[in-house]
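8 protein chains.
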Amino acid sequence: MNADSIRELFEQVCRGKLSPDAAVERLRHLPFEDLGFANVDHHRALRAGMPEVIFGRHGGNILATRASHEQLAAVRKKVPKAEYQELARAIVLRRDRKKYGKGIIAVVSAGTSDIPVAEEAVVTAEMMGNDVEHLYDVGVAGIHRLLANRASLARARVVIVCAGMEGALPSVVGGLVGVPVIAVPTSVGYGAAFQGLAALLGMMNSCASNVSVVNIDNGFGAGYVASLINRL
Amino acid sequence: MNADSIRELFEQVCRGKLSPDAAVERLRHLPFEDLGFANVDHHRALRAGMPEVIFGRHGGNILATRASHEQLAAVRKKVPKAEYQELARAIVLRRDRKKYGKGIIAVVSAGTSDIPVAEEAVVTAEMMGNDVEHLYDVGVAGIHRLLANRASLARARVVIVCAGMEGALPSVVGGLVGVPVIAVPTSVGYGAAFQGLAALLGMMNSCASNVSVVNIDNGFGAGYVASLINRL
Amino acid sequence: MNADSIRELFEQVCRGKLSPDAAVERLRHLPFEDLGFANVDHHRALRAGMPEVIFGRHGGNILATRASHEQLAAVRKKVPKAEYQELARAIVLRRDRKKYGKGIIAVVSAGTSDIPVAEEAVVTAEMMGNDVEHLYDVGVAGIHRLLANRASLARARVVIVCAGMEGALPSVVGGLVGVPVIAVPTSVGYGAAFQGLAALLGMMNSCASNVSVVNIDNGFGAGYVASLINRL
Amino acid sequence: MNADSIRELFEQVCRGKLSPDAAVERLRHLPFEDLGFANVDHHRALRAGMPEVIFGRHGGNILATRASHEQLAAVRKKVPKAEYQELARAIVLRRDRKKYGKGIIAVVSAGTSDIPVAEEAVVTAEMMGNDVEHLYDVGVAGIHRLLANRASLARARVVIVCAGMEGALPSVVGGLVGVPVIAVPTSVGYGAAFQGLAALLGMMNSCASNVSVVNIDNGFGAGYVASLINRL
Amino acid sequence: MNADSIRELFEQVCRGKLSPDAAVERLRHLPFEDLGFANVDHHRALRAGMPEVIFGRHGGNILATRASHEQLAAVRKKVPKAEYQELARAIVLRRDRKKYGKGIIAVVSAGTSDIPVAEEAVVTAEMMGNDVEHLYDVGVAGIHRLLANRASLARARVVIVCAGMEGALPSVVGGLVGVPVIAVPTSVGYGAAFQGLAALLGMMNSCASNVSVVNIDNGFGAGYVASLINRL
Amino acid sequence: MNADSIRELFEQVCRGKLSPDAAVERLRHLPFEDLGFANVDHHRALRAGMPEVIFGRHGGNILATRASHEQLAAVRKKVPKAEYQELARAIVLRRDRKKYGKGIIAVVSAGTSDIPVAEEAVVTAEMMGNDVEHLYDVGVAGIHRLLANRASLARARVVIVCAGMEGALPSVVGGLVGVPVIAVPTSVGYGAAFQGLAALLGMMNSCASNVSVVNIDNGFGAGYVASLINRL
Amino acid sequence: MNADSIRELFEQVCRGKLSPDAAVERLRHLPFEDLGFANVDHHRALRAGMPEVIFGRHGGNILATRASHEQLAAVRKKVPKAEYQELARAIVLRRDRKKYGKGIIAVVSAGTSDIPVAEEAVVTAEMMGNDVEHLYDVGVAGIHRLLANRASLARARVVIVCAGMEGALPSVVGGLVGVPVIAVPTSVGYGAAFQGLAALLGMMNSCASNVSVVNIDNGFGAGYVASLINRL
Amino acid sequence: MNADSIRELFEQVCRGKLSPDAAVERLRHLPFEDLGFANVDHHRALRAGMPEVIFGRHGGNILATRASHEQLAAVRKKVPKAEYQELARAIVLRRDRKKYGKGIIAVVSAGTSDIPVAEEAVVTAEMMGNDVEHLYDVGVAGIHRLLANRASLARARVVIVCAGMEGALPSVVGGLVGVPVIAVPTSVGYGAAFQGLAALLGMMNSCASNVSVVNIDNGFGAGYVASLINRL
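Chains as they are written, first to last, in numbering that gives the first Met the number 0: chain A, 0 to 231; chain B, 0 to 231; chain C, 0 to 231; chain D, 0 to 231; chain E, 0 to 231; chain F, 0 to 231; chain G, 0 to 231; chain H, 0 to 231.
No wet-lab data here; the hints were simulated from the structure.
Be careful, since some hints might not be right.
What the hints assert, rightly or not - Derived lysine-lysine pairs resembling BS3-like cross-links, with alpha carbons at most 25 Å apart: (1) D/97 / D/80; (2) G/101 / F/98; (3) B/98 / C/101; (4) B/101 / C/80; (5) A/101 / D/80; (6) F/101 / G/98; (7) C/97 / C/80; (8) G/101 / F/101; (9) E/98 / H/80; (10) H/101 / E/101; (11) A/101 / D/101; (12) A/98 / D/101.
Claimed, not checked - What the simulated footprint calls covered on chain B by chain C, stretch by stretch (three residues with Cβ under 8 Å from a Cβ of chain C suffice, anywhere in the stretch; the number is not a length): (13) 196-204; (14) 208-220.
What the hints assert, rightly or not - Quick list of simulated restraints, FRET-style, between CB atoms: (15) A/67 / E/82: 29 to 39 Å; (16) E/146 / A/177: 52 to 62 Å; (17) F/97 / E/93: 55 to 65 Å; (18) A/67 / C/153: 49 to 59 Å; (19) F/143 / G/149: 20 to 30 Å; (20) F/85 / C/96: 50 to 60 Å; (21) H/80 / G/68: 38 to 48 Å; (22) D/72 / B/67: 22 to 32 Å; (23) B/99 / C/79: 42 to 52 Å; (24) F/75 / H/149: 48 to 58 Å; (25) E/143 / D/86: 25 to 35 Å.
Cβ atoms here follow ideal geometry from the backbone N, Cα and C, with glycine treated the same way.
Between the sequences and the hints, there should be enough to build the whole structure, so can you do that?
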């Protein structure tokens, strides 16, 4: 099965011309390396390392992030059970509800505008078998709201923090917990926010040492990394 | 008195070849517009709007920021009473101790490395006749230290916040007080801090609406603006 | 009341499904920290520090900046008295006309294209209880127009200066007045203006020491900071 | 104990005027929040979350990264047992040799020039109680060397990857392992490497989903994050 | 024939108002220097050095890259035999099928999203008389797929590598072959990919010494350079 | 006449609600400083220094650059004689055909895509009373075409050079002539052209000493400066 | 005479091993194209278009900018009459005092730190046979000083304006005069000045249409362009 | 032989503690992948693909670029025959004088300051067995010098072009030849040259289609790529 036919296969699933089950059946015989697909519309590589979850073989979960309603409609013709997570803009087919994560992943976001990215992290982590708690609207300019939820943070085994604008929240959260913090800069903001660059630079320079960073708006990546950590 | 002779006059003072008093005597007859000097070594314009303080006419205070020990030695030969503020790297001659500010200016800094910039703000505000309180080492990764000093913040009529790296502190402080906050990005940090650019962008995008920003490492400017506000 | 219900509440007001008065009634019992909302469409945090003005409790004023005609229509179904400031693109409901500011805030802009940002500053300052004077079309390439209005500047207790392109106006105005100047870079210009970056950098490097800067196109922030200063 | 005295205390240790033990004795009574020190010479915040390791209370390990030979000499006068890790440029005092990590941390680097950063990660992880394996000189242009060491990668519970220039190594390693990868861009390279910016951008855009990134040359941060993960 | 008339001529061909043959007839009498046309819609200069191929005189091939279906329709009215390469978005008229290249040009791409750029390189090289092999979906996060195709790489006399995101593939390929590698950064990615800038910087800093780079998304240029090399 | 009424006046002319003649009549009594208008749609300041040409008082010429067909239609209702320069996208009303320039202004452009900017320079210079010669499609990759037109360059008293992509043409032209060269970077190109930034930087670093530069795509500015020089 | 021997010749003059007269004697027989030398230490091309002035043939003036005292000493051994312009850091040998310029060139600078660049422009213009007036310390924050010297500006046929920091002065001067303005951004400033980038961007976006710009700190280029204009 | 011992071996050669021959003897038994060394002082990877030339096994040539006189002295103690190429700053030991290249490689440079980079390309190409012709001081502002040497260019099978400042030369050369052009941006220039960034961007946007680019100042890489091409 060469590259073109794999791509074709993937496109057939996304356009609803082929059921995921049929695709999975064909894919399960593929060698591991053949599963490096591009994402539905933004070409974000869904790495094949955990295919049960992302593009599930053997009856695993299927997740397509950044999906439109049109893509949903096409998928549903073939897979009526496919669901759409509105805020996360994700098509999901949940077939495996087993817990792989050993603790709770907390997903924290600064402003209401950061919620779509945060929800993408949530759905990714959930589809990969984790218990997720979210804590939204706890931006640093209203620090008391964050502190009021400190107990929730303390329960987490890994924390994902999504923030745009100045990207300051991961540093504050990082100082409050003793576990790894995955920071996600978002493109929220205007002017000197430069589409997330300000938040990205802020997070790279976090004075909290337990913070590492993924790409701007990459909620999927944060959920993925947090899931790997939570499985350890 | 043309531009060249003014510059010469200024240089003579800095090199100790002329006493500030003699310079002031000559300068007091100058029209207002002739007092737009460059700073001692970094050419930061010390605006002439408040000459009693910065380059004092009529027996006012004199302040030269970013001054070296060599410059101090030269000045002291002519003006033995000139003092040196080690942390702020400033030469000061305090002749007017009247209070012009109506309240307290709080100067807050994130890390120990931000202290020289913070001290430049402190000495500027003090020389312009203000009561100043400082609150150092209250970075956002240890938010409790900041909150423990909230009473000190609450007393201030204006707050100056100096921070490098991710520049997150002004947003947190801004959310805690109801007064104007002047943010000073510092060039503290390395790598993706890009000599203060990360902190500058962070502060420009502060989610706290009471924050405005001055140039990187511009403790003088922050002290100056805060003094103007405190006089109102 | 958790984050989701607050956000829901806010959205109901914006979409006209709930009257501001009803929302205010529910909000007045909320603790202070729960009022950190995102803006109508650009997610600019309207900080809760002055809720009488921005999202008014207790019969205060309500202001929604960067609002569209569609949003206006929705709001008016519930709140017929809501008005629209065309140039500032703001929905306002003025219920409190008390003056909180102690002096005049002058809003100065360089070119006609900067007027929307300037008007956003004007309406913010007015809604927060200030007397505002504006002075438009006084760009630095026609310096006499600015100088002809120097008396107007001299009356101000705080000055807001909006300028795009080279962002030079705050420096000139800063040299003419002895009060704080809040500079607002605008995204006006093309080519090497880089959507306001040139103006932002220019203002950060102002040779006038009484200038501090807010984000590109952030008329709201400038009006907010100026209002805080004018209340002192 | 206020900020100034804490800082003074820290400086005394670094200059050898006070033994770490004496400092620790004084520090152990401090509240948690008072331990947010700046680093020896680069002001990198050593967060207080794990004080047993970084600035050890109760007989824990002490680590000062980016330390010079002069600093070493000063420290040794007071603490003869302090050792210097040449490649990592770190002063260490190892008093606690207990293992806190549950698996192996692999530290991978692309070129010989990346070794100092990699070694900083190694020493940090070791001082925090981890077994560390390193794998150097396995840049992507000689992919067989990396693949020949795949067994070593497979043993790791967390992988740290240091690379300058194009920063491609984390993507390749990320595709080979199923565990979290912490990527450290280094400032190695010249011209369009822009002091690590090229590597940083490359790593932020990694097509491997298990990669998160810390600041340029931040070996300490990578070792810290990896240690937290390895303790889970 | 002045500049305006040449341009007019070119536009007539693109809009189908003039057959390429007629245009060629008129162009063949032009001096060499008059053939520096802008491209169909992106103004990329199709250099005149090899006019038989790009804008064929004497019955050579004609190639118009980045062409729309509208342009195709217009061309076909005059030249029914013109074909459209869907993936490469190119209009081609193949009249000369002679081989000018002495070996195989391999075109390698990292992800499915890079394929349009890769196909532009393929069609350019084919129209210039080369045997081309392509190898797609061999991104560095799944290194085994690339290695499994090493034999294919070994056959090539020149290799073109297209990659977006971190742009790491040319370094890996460069290490596997002993022939020149032409790297094409693509604008694939989001966030910190900055429209291909991350990939461009990565490729400029390749640790493989046999790599040189063309502009972002410039598949045409890569095919052109590779063809020149393959003719030697 | 305050700023608002002036702006209103200007808008009425642009929308065809007022004839330029009527506007001119009202404007001729205005003091010099009141004529600092923004441009039709891009807010480029048409400086008032030469009002006979740009916004003509006393029967002078009128020029509105970057004008759309809609604006043209509106203007023509009131001023049937207004003409539209298609390539330059300019509305012109030519009433004064006197020559103010003492020599020829040559306008040179590199590629066909640069022609709109070049034509804007041409029409500006013509409306300001100059003889203009243009020389298009003489990019540096086909240097003979430029050299073949050297006589044309030699006749010019000032030369304007428009180029995008690498922006190399001004250096070559600068080396061929002994008169001032005004370089205009254009936003032509893609990828690493960064909307004209590459050309701008190239021109700023020109190795020809007789080159000065205006903003990206600023054909108007180049024509304006060249006209001032040609009047000397 | 090939490139190497020319370079050798040039170096011999700079190091004093050959008298300028002897060099000139040898150079006068060279074809025009052989005179494209690099500058003394910064490789700024001294274009050969006006060799009588810059590297004088036939007894013309000689100018070497950015020269050190060491270079002066070496030159003086061979050419005792060579003089050093301290502020401009230039070695000059004035043999031709004829006036080639038809009017006055005004050189304006904003702050005292801009003077070296301004003086480089002055000496270049003087060596090229122009009457030069300078006007220093007239930064925009003290606009009255500039206005007080308006008569001086009005006399000029061309104006050079040097400014660092926000680079605002050219716009103000441009609005005051009706002649061409050559703007020179300087690297004066700190922090967000980014070594002259802020001033450069500001000048590129000048709202005065009679401004064109040369490279950062390029006083030579400004003097050169102004001289060409003044000869017309 | 692990990484540390290989690195040690390499350092011994560079410091003259081990003869290249002895090192080669030990290295010849190493597997291919173990030869990915960092360069002498700039860590530029000397890829192992052509070890006979760069770090010669079996009596091949040895080349160490960017070497200091100190390194030379150390090497000469062990290898008296090692020579130093002053302009290229390279240590060379030439033992194999066989020609591997099939044609001439032309190395062209714009200004005298670009010569060190050009010479690095020359020595690399020569050590890899090529006939090299160089053509210096042919910058685009003196286009006749370049054209006068067109015959020399016409003889070349591959052309390397080194240029700083605006980086325009590759486009002009590319238009004159029909063979591949390798462009090398140099860090020559000041101000807006931004250490070679301007030249790099210029070259990436070359309007000549036969140009590909290597890193700033990477003369070695250009020589290497050109050599590979010339062997075909």
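(message) Taking the earlier hints as the rules, which of them does this structure contradict?
(response) 4, 5, 9, 16, 19
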